[in-house]
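Novice: Sequence:
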Amino acid sequence: MAYVDTLYNDYFIEYASYYIKERAIPYLEDGLKPVQRRILHSLHELDDGKFHKVANIVGHTMKYHPHGDQSINGALVVLANKDLFIDKQGNFGNIYTGDEAAAGRYIECRLTPLAREVLFNKELTEYIDSYDGRNREPVVFPAKIPVLLAQGAEGIAVGMSTRVLPHNLIELLEAQIKYLNDEPFKIYPDFPTGGLADVSGYENGNGKVLLRARLDTEDPKRIVIREVPFGTTTESLIASIEEAVRKNKVKISSISDYTAEKVEIELKLARGVYTEEVVDALYAFTDCEVSISANLMLIQDGHPRVMTTNEVLQHNVDQLVNILTAELHLEQGKLKDRLHAKTLEQIFIENRVYKSIEEQTSASDVQRAVREGLIPFADDIKREVTEDDIETLLKIPIRRISLYDIKRAEKEMREIRARLREIKKHLNAIIPYSVSFIESLIEHYRTQFPRLTQLGSFEKVDIREAAKRDRKLRYDAKSGYLGYDVNGNVLFDVSQYDRVLVIKKDGTYCVMDVPEKTFVEKGLLHCGFIEKDLVFNVVYRDKKKFAYIKRCIIEKFILGKVYELIPKECKLLKLTTDSEKTVALDYKPRPRLRKLNEEFSIAEYPVRGLRAGGIRLAAKELQTCKII
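Residue numbers for the sequence shown follow our numbering, beginning at 542 and rising by one.
Treat the hints with care, as some may be off.
To be verified - In silico lysine-lysine, BS3-like type, Cα no more than 25 Å apart, as pairs: (1) K1136 x K1167; (2) K1086 x K1115; (3) K1019 x K1058; (4) K1102 x K1063; (5) K1086 x K1136; (6) K1013 x K1045; (7) K1167 x K1109; (8) K965 x K952; (9) K1129 x K1102; (10) K1136 x K1102; (11) K1097 x K1109; (12) K727 x K623; (13) K1129 x K1063; (14) K1063 x K1045; (15) K966 x K952; (16) K1161 x K1136; (17) K719 x K1086; (18) K1167 x K1115; (19) K1167 x K1084; (20) K663 x K965; (21) K1102 x K1086; (22) K1112 x K1136; (23) K762 x K727; (24) K1058 x K1086; (25) K809 x K877; (26) K966 x K1013; (27) K1046 x K1129; (28) K952 x K1045; (29) K1058 x K1045; (30) K1084 x K1019; (31) K1109 x K792; (32) K792 x K883; (33) K877 x K792; (34) K875 x K896; (35) K1045 x K1084; (36) K1009 x K1063.
Unchecked claim - Label-pair ranges, simulated between beta-carbon atoms: (37) N969 x G609: 25 to 33 Å; (38) Q630 x R879: 19 to 27 Å; (39) V847 x S612: 21 to 29 Å; (40) I937 x K719: 49 to 57 Å.
Source of the hints: derived by calculation from the structure; they are not laboratory data. All values derive from a computational prediction rather than experimental measurement. Built from N, CA and C at the ideal position, the CB exists for glycine as well.
Taking the hints into account, I'd like the entire structure generated from these sequences.
Specialist: Right, here's the structure in full:
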């Protein structure tokens, strides 16, 4: 056991941690898995505005990703088909049909303008050594948008999994503004395949979402599928419809797939069947309706954690504010350095400080002369003059000195000062500045990211209700057999998804699927569908031949299990579902027994539970019993 414990502690835990953090689960900060981040990092390094062969991108990414070209190529195709950060050219497959992408040597890609705008900033990015120590790669990107929620994610790790549903980017940005303005917000999934969605079970990134295909039902004899549920393809959807047709669940004469850039699957209905009769069956028996479960698991601070969409969005907004603040501080520092350099240059040239170095004989004397020449202008210089500043002044070419434009230099310095004032204003009002930044993104990309999935509310179609009852349930009283493949009297119409309640003369009952042929004994007392409000009125006698009445509702059961309706060693006499009837009893004649018959109204007795005993009607030995 010690050896096993060592293996578990030293190897399994290490492997599990690596797989969770480095392969399967996305990070909170930028919403990316390591392979996705490395692909985008490679694209950024190679970015020149032109398209690059995917094969070249894959090869470049292998400098950072140790798991081979196939995994990189597959991840790149998936990332490109999200249409967020990668602009693609060529056959990248089809998310509607499930067709695979062409080989990497035939397709090309590049970064989108959105990716360049919101993902990259080398000065704010932490870098670490790559797996082989030859290169440096980012830990996370300083993402300015909620990437994880925008593009979604799926992954299976060791002992855990994640499934983050995609959301509409514009709606996410609008929710960010509401959060910054302390207003309530709600966000719901939006799927690239469109369709219809019921998000009543969606619990802030967790729970279930019910999805439906978008059906065109204008023609009463033809249904056209225009959009498919997320997670399905036209191929899998058609396969599910064909299976339903084979099992006679839906009446369709032909299926034609015209899908190209948009989904178009034509279903021609059978003769005598109309659209309204088929729609529910399509949702019930095919992949025209599916449910998907969400599980928002991610990596935060190096540890897996389950969060909500609101928590992720709030974290991304706080991160955006911090990034914008850091960018303003960086720009402010650069502008101050530039203003300082421009000021020194102006003083150096306009006041002819450079003339003082002509008579100097050593480098130290030259530096001292320049420093002393700047002393009278100390009030104009914003910070201490360093040796690097002096060296920069000494490197100014004589041609530039002679052609120095005072007015131009003054204009540049005014512009720098104006920008510094603007930056200070933004830093003092960082929330409005952040809102303005988000609003600019919305204005720029609104038309590019419309909502594709229509939200609505619809109940999941009950299979039993949608199934057409096209079979006859028969009972042969002579043989005691029940089923739709039995020669006997027709009881009622059923479907293969129905369940029936059977009560036998021995006082037992059972709920079963509609049988093809099963033995239920002769003298079947009752056979019908389960009705929650149906009251069964039972008259039985005990060993002393006293009569009892029991009224109950059969609503809870285990399919196929046999239950006792009356106590053991008792005999069931009569059964009826008509509570307006009367029980007529005839007693066995005995000396001094004056009343030999009696009637009891069934409705006067209470309805009790299935396990409760019956109520004794009379303490007299029973001879006959009738229901009248």
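Novice: Given the hinted pair K1019 and K1058, is their alpha-carbon gap at most 25 Å?
Specialist: Roughly 14 Å separates the two Cα atoms, so the pair holds.
Novice: Check the hint pairing K727 with K623 against an upper bound of 25 Å on the C-alpha distance.
Specialist: Answer holds: K727 to K623 is near 23 Å, not above 25 Å.
Novice: Between V847 and S612, does the beta-carbon spacing fit 21 to 29 Å?
Specialist: Cβ of V847 to Cβ of S612: about 26 Å, so the range 21 to 29 Å holds.
Novice: Quickly compare the C-alpha distance for K792 and K883 to 25 Å and report which way the hint goes.
Specialist: At roughly 82 Å apart (the allowed maximum being 25 Å), K883 and K792 break the hint.
Novice: Just to be careful, I want the Cα atoms of K1097 and K1109 compared with a cutoff of 25 Å; is the pair within it?
Specialist: Holds, at roughly 20 Å.
Novice: Just to be careful, I want the Cα atoms of K966 and K1013 compared with a cutoff of 25 Å; is the pair within it?
Specialist: With Cα atoms ~81 Å apart, K966 and K1013 exceed 25 Å; violated.
Novice: Does the structure keep K1084 and K1019 at a Cα separation of 25 Å or less?
Specialist: Measuring from Cα to Cα gives roughly 29 Å; hence the hint is violated.
Novice: Can the restraint linking K877 and K792 be considered satisfied, given a maximum Cα separation of 25 Å?
Specialist: Judged against 25 Å, a Cα distance of about 76 Å means the pair is violated.
Novice: Taking only the CA atoms, is the gap from K1112 to K1136 under or equal to 25 Å?
Specialist: At roughly 24 Å apart (the allowed maximum being 25 Å), K1136 and K1112 satisfy the hint.
Novice: Could you grab the alpha-carbon distance between K1086 and K1136 and see if it respects the 25 Å cut-off?
Specialist: Since the Cα atoms of K1086 and K1136 sit roughly 17 Å apart, the hinted pair holds (cutoff 25 Å).
Novice: Taking 25 Å as the top limit, are the C-alpha atoms of K1063 and K1045 close enough?
Specialist: holds (8 Å)
Novice: Are the Cα positions of K1136 and K1167 separated by 25 Å at most?
Specialist: Holds - the C-alpha atoms of K1167 and K1136 are around 17 Å apart, at most 25 Å.
In summary, the numbered hints that this structure violates are 9, 10, 13, 17, 21, 23, 24, 25, 26, 28, 30, 31, 32, 33, 34, 36, 37 and 38.
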